[in-house]
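Based on the sequences and whatever the hints tell you, model everything.
Protein chains: 2
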Amino acid sequence: MAVSEEQDFVKQITKMSVDFDKWYTDVVRKAELADYAPIAGTMVLRPLGTATWDAIRRAFDDLIAETGHENWIFPLLIPEDVFMKEAEHVQGFAPEVAWVTRGGKEDLAVPLVVRPTSETIIGTIVRKYIQSHRDLPLLTNQWANVVRWEMRTRLFLRSREFYWQEGHTFHATAAEAESEVLQILDDYREIAEDWLAVPVIPGRKTEVEKFAGAEFTTSIEGMMRDGLALQMGTSHYFGQNFSSAYDIGFTNRENRRELCYTTSWGISWRLIGGLVMAHGDDSGLVMPPRIAPVQAAIVPIFRDEAGREAVSRFLAPITAALKGRVRHRVDWRDNRPGDKYAHWEVRGVPFRVEAGPRDVEAGQVVVVDRLSREKRQVPAASLADWLVDELNAYHATLFERARKFHTEHTAHPQTKQEFRDFFENGNGFAWAAFCDRTECELELKDQLGGVTARNKPFRVEGGFPDRCVWCEQPATTVAVFARAY
Amino acid sequence: MAVSEEQDFVKQITKMSVDFDKWYTDVVRKAELADYAPIAGTMVLRPLGTATWDAIRRAFDDLIAETGHENWIFPLLIPEDVFMKEAEHVQGFAPEVAWVTRGGKEDLAVPLVVRPTSETIIGTIVRKYIQSHRDLPLLTNQWANVVRWEMRTRLFLRSREFYWQEGHTFHATAAEAESEVLQILDDYREIAEDWLAVPVIPGRKTEVEKFAGAEFTTSIEGMMRDGLALQMGTSHYFGQNFSSAYDIGFTNRENRRELCYTTSWGISWRLIGGLVMAHGDDSGLVMPPRIAPVQAAIVPIFRDEAGREAVSRFLAPITAALKGRVRHRVDWRDNRPGDKYAHWEVRGVPFRVEAGPRDVEAGQVVVVDRLSREKRQVPAASLADWLVDELNAYHATLFERARKFHTEHTAHPQTKQEFRDFFENGNGFAWAAFCDRTECELELKDQLGGVTARNKPFRVEGGFPDRCVWCEQPATTVAVFARAY
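First to last, the protein sequences are chains Y and E.
With the numbering used here applied, the first sequence covers 1063 to 1547.
With the numbering used here applied, the second sequence covers 1063 to 1547.
Please keep in mind that the hints were generated in silico from the structure rather than gathered at the bench.
For glycine and all other residues, C-beta sits at the position ideal for the given N, C-alpha and C.
Hints should not be assumed to be uniformly reliable.
[Said to hold, decoys possible] Here's a subset of chain E near chain Y, in silico, CB distances under 8 Å, partners left out:
{"#": "1", "residue": "TRP1161"}
{"#": "2", "residue": "ILE1187"}
{"#": "3", "residue": "TYR1225"}
{"#": "4", "residue": "GLY1311"}
Next up, the structure:
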């Protein structure tokens, strides 16, 4: 954050209530998370965005390492013939891939796809590392950039290049692969809820929304402050679709060759867009404390060089105590304190710590949190302990606030009319009995301006009618409906 | 490392003395650091390689964070017109870039370069974040993949896609930018020597070897066990070359507009190739302990289930004490102990810890290090402390061994004949007086089968003749000559 305020072309943040989309873009740019890049549809991640993505990466890496997953680095470029083997997958992705057709001064004999996702290349590579059942499960993950030539783009949510992790796993049995899919979806729920403080609904996608080439897809869905859904992570079960297309086999315990059962799963930097839209307000970003790159911004207040030295001496033992426990920054810039407060507020730093001459004298600091904005005096000697506790409390408060919003914007329409009314008057999540037929889903999507079945939640409480809320044919499931990003 | 031994197509490691190149490739593949990928000239980084690269990343990130650098994520694709602005740079890179010419089903109006390096796109992006001298210095870094359509490739050292960090910094004065170049080169020296245990020579490149578009280039050069040089990091000073091509200016303290002074610098995963070639032996990899993903491999020895339980109970407090202090792995696989020893040896793990029934009884373990292969008995209760100390000693031993090899293969030829004899009879580093003329350098390179001036070392001890070792014109510098990767 070496760049000063002066270059901020976003002078004011548009109010959320006036124009949610513009509010979102203003916050992302004014908080210096990210910005547009020169190629239409691509973006640049600035230091705050990069540090946030790294924090998500560390949290998720720790989670999957516990269950035996290992990171690999697979190639960016995929030869056309390798890409083209699984028919549904090709159909799903071919319209949006970028092609490398020249290398140096020569036209390539085989054009290369810039990976939009890596099932095809990873399958092709790891098949030679899998011989027998003893090589399974093979649990791979990579942190990578992918390219999808999208036409409608939006910062973090849909860009022509984005960063994500993609896990690809290979198993000896269908049951084990299915259990992997669910285990990872639960890890995603943990990232969303316990790290980003965004409550989510885990469930299974309908046929319309599943991944190209999957047997089934699961997802977690979060609610943004405009009532729209954001798909925050997906985990796919492929059965033997990819292993038969790519001939990924193993010798089983009976010494017979079988095809592997495979999965893939991903979360991307769209999670950063999600935390902006789930927690932000008219003053800017509100960072969930566990992934916040700066958890406490310390603003020293002084009038002259002597004052500066006094507060500097005062802060030395405080920052020493914070080291390794609370991620903090001391803001020594030559700006007025008010400008510094605004600087850290728009970036959503959970706690601001003020230390002025009177505080030095009293051996205390003044702490203001981003949510309540209350001023609290805290003895300097106990600041580190206090912040560690309060950061946890702050996470709980933030999660609870998001949960409350989510609940208040959730309906359980019993009839088609109630269902229509809900989506004609606004946005939110509607849980409803559903026939799970593609025609029905496409019809309601068309008639209700983009409403889709986000997923079929794994956990359903209460009773639902036995007829589909839309077509009144027999219901086979309960689905959550919403308009979505 | 879930993949079993069975899939190892490299059955034996070729002896280093028989064929160094083949030995290198065998070690990289048999240690499961990396492997060839389906597209000619690209590679896949396996878990051990990926974890090693991550360890280098963490070490370097910590170093540059201390001096105020921040990570960004810049775009992969660069529009042709953006790429083409700095003439020398274009000339240097155009022959080896990969071009994206189609997106989805449409031919692109402006073809896109897959970044071979990012000076052009980063300059184009950050210029809008720099208005006044208060925005400077702007110290950016990114961890990224780049593509160079090379014709001769080699695992880690030269591949069509590789991972690196590239730093790009923007300064108000030439002096500050030059000092940045040297500061970073010293950070690179620290990574090479204090983390990878490879002694290096920091110095300035000749005109022939400098980066396309740079005013000057500096490098660190390490010696591999075949006497060849490996350039292990470069740091470039651009003056105002890029800032004038890309109009990157700022308002100075006198309120006048000036162009920035810029730098860039990079280290790549070729460092992993470097540590293999600087430390490895006929048994495989020798990992420098500070970046080794596994510093101690614990091999439990037992005959039956009761024995397994006893050793498991014995190891519980030991691994608890190691946690957070020594990166370790307990190898519970169903293989024979001898196979496990071989498994960890080829991967270069610094310490192997054996714990069998007699050790359990005696409350001790047997520790064998990868370098000396001596067996030492260590009380179980003090293993963690012992390993922490011994890992540092091991680093020192490894560095000293490499330094000794480096010194023994270094000559100081006084005459053209001595210089010729040195390179006609083998490889190593020759420090010699040099006229620093491009014609002379190209001539000796041609006549001595690829010998080049690696750099002009910053620190030169002892006296040198005042005539160039090759052309006998007046010497203006001392250079280190070698054949290089």
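For this session: Go through the numbered hints given earlier and state which of them the structure violates, listing their numbers in rising order.
Result: 4
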